[in-house]
Amino acid sequence: MEKISPMNNDTILTVDGVWKKYCRQLKRAMWYGVRDIAGQVAMRRQPPAGRPALRKNEFFAVRDASFELRAGECVGMIGPNGAGKSTMLKIINGLIRPDAGRVEIRGKVGALIELGTGFNPVLSGRENVYVNAAVLGMGKREVDRMFDDIVEFAGLAHVIGDPIKTYSSGMKVRLGFSVAAHLRPRLLIMDEVLAVGDVAFRMKCFKHFNTLTQNGTSIILVTHAVGMLPRVATRTLVFDQGKICFDGDVQQGMTIYEENLSATEKSARPLTVEASDHLAGAASIVRVEVRDATGQACSSFQTGDPLRLAIDVHCPQKLESARLVVALCSPRHDELGSTSSVTSLQRPDLDAGTHRFELEIRQLPLLLGSYYFNISLYGADITDFQQRQSGAGVFRIVGPEVDVNGNGLYGTVSFAHAWSYNGSVAAIEKT
Amino acid sequence: MNTRPKPPTNPPSANASGEPLCAPDGGPDSQVTIYDASSDLARPGRLLWRIGSDFWAGRELAWRLFIRNLRGLYRQTLLGLLWIFLPPVANTAIWVFLKSRNVFSFGGEVQTSETVYILAGMILWQSFIEAFQMPMNSISQNRNMISKLNFPRESLVLEGIADLVFNFLVRGLILLPAFLIFGVAIQPLALLSALPLAILLLVLAVGMGLILAPFGSLYQDVGRFIGMVAPFWMILTPIIYVAPTTFPGNLLNWLNPASPLLVATRDLVVTGTTGQIWPALVYGIATVPVFLLGLVVWRVSMPAVVERMPA
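Chains as they are written, first to last, in the numbering used here: chain A, 1 to 431; chain B, 1001 to 1311.
None of these hints come from the bench; they were simulated from the model. By construction, the Cβ of each residue, glycine as well, lies at the ideal position given by its N, Cα and C atoms. Don't take each hint at face value.
[Said to hold, decoys possible] One side only, chain B facing chain A, incomplete, derived with CB under 8 Å:
1) 1035
2) 1042
3) 1064
4) 1071
5) 1108
6) 1148
7) 1151
8) 1218
9) 1297
10) 1303
11) 1305
Whole structure, please, built from the sequences with the hints as guidance.
Here you go:
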């Protein structure tokens, strides 16, 4: 990772060659904790240059991370679970120490790691606003001045005197966020807090973030809801196995994230073969290939593209009335839909040898992500099972990019559709 | 972790309402905070200065947490403040009953009412053991806050001390009716000289607790062990008997950190004089370095503790 220059005028944050290691084994981690504390007290711990040494059972949660953040930038940190995002946030927030490297921050840092930290359920909303604000570093006078704005932003003026245990979880989240949103830090750190509240409140939050960044506050946003990033982020950092594997454009970062996720999902769902155990000489699926419209092997498609699935079946002996059942699956939802070869084929009798079937999906009705097929081979009877392959023919939908206006923002399925505007209802009813 | 002022190079920008977003020169927005792997103790003078300034910075949070805990606690109890009085009163009642049955002896002559003698000792012991356990309990009760937010950790110590002082003063009040009921003369001068000793006793206990707290939050064994040995420790402390003056009892008295200051305070309060002035002075002087060491250990160990807290 490239080493970065000293802080520039408008640089709010500099992360330079940061490494962080954790121990997988709890008891050993506690013992290392005692040793680390003793080392700190005895001043034995000097910052090592470059990669620190690992002790037994340790691994790197963050590896040689370097980046800068300028005033008014909003960076989305994305990556699969365990990629090192939250550890990086904790280091930037000063909660834990890096094992090597250095973090330099100019100005006040505000962190929204967990909303409503410090809330006491038996105290009123009003009392909890003051407690929560104090925890976040706001003074009483500051809160006095902003109290009405905080309550109004949360939309809880009518219940602010009630004990907080009478609030719904959504109300608590709104109050917690509202307090935190009124911090005026130079750097605001948020971990998965965009996933809370109703849509209207979320939109209000986005608007607030935009106001903050326009006024020079920098924001670091960790989220798995990557579809939201284009609304607020100006840049993405993609984490993978503790390393920053991409730093740049939001859309590009999201694509890389999806690809990394697909690779993870692919490796997490290896091909499995389930064969009939009561049939001697059962037929088997020997090859599955995903192809594009021209018949070339392909694994990346756009939504709406045609896809051809070639399936080679080997029969050691004659198989009568062969039937294939193919399920289209996603790692997140399992089976999305299925089809049987009998829908458009007579059941062919297969002589001994290898035979090819082809399934054409004319328009892939899928959004960004990774997909695969589960394929089952049957003989003449419904119960005449020969073999099943799960996780075969993995492919990815890599485009088009998520539309910030909302098209394709949520879910898995794309559907053919058309919009029309028909004018005012009064005029329509008149005619 | 260091914070050093850095001259700002940008003019302060303004928010939508026209208020300056960035602090003027020298304000918090012109400070540069650095996090790296080096030990804070590399510059001990600056570390102590930072601890002091974080005590100051955390005073408002400490006050809010103190009020929050107090209100929260007493809104959920029927007996409210009585819960501060009850443990030492109940303990005293048990020991007075046992004494009336000659289960134990004082091992010397008590110059005042035995009930007041035991009650004063119990109040001090209760406050001492609470002060000793306070830092560990504070980490445990505020685990969520500590692991998620970076705020002056010293505010938790301050809040704990506020809690201890409040409880100590409320408990101290029950001595007044006890003095009247059992006909013990109140000696204002002796009371006045006992007060700094009582403060030193609590500060010593907090200091020892601060040193132990990080290890206690890593290993639950520490808290369990303290819970187990606390009753024995109380018996080893001359609360229900007169401080021994002969070997080996007097050596034990010297070695027990709870003993000299507690006994001297108790003796001054109930009899107006004490034979424990030298041990109390030695421990009183030792209190300062122990407390400072406790604050340093508390501060430098917190990142390692947070690192091992469950998410």
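Hints, verified against the model:
1. 1035: holds (4 Å)
2. 1042: holds (6 Å)
3. 1064: Interface hint status for residue 1064 of chain B: holds (4 Å vs cutoff 8 Å).
4. 1071: Since chain A brings a Cβ to about 6 Å from residue 1071 of chain B, closer than 8 Å, the hint holds.
5. 1108: violated (42 Å)
6. 1148: holds (4 Å)
7. 1151: holds (6 Å)
8. 1218: holds (5 Å)
9. 1297: holds (6 Å)
10. 1303: holds (4 Å)
11. 1305: holds (7 Å)
The structure does not agree with numbered hint 5 stated previously, though it agrees with all others.
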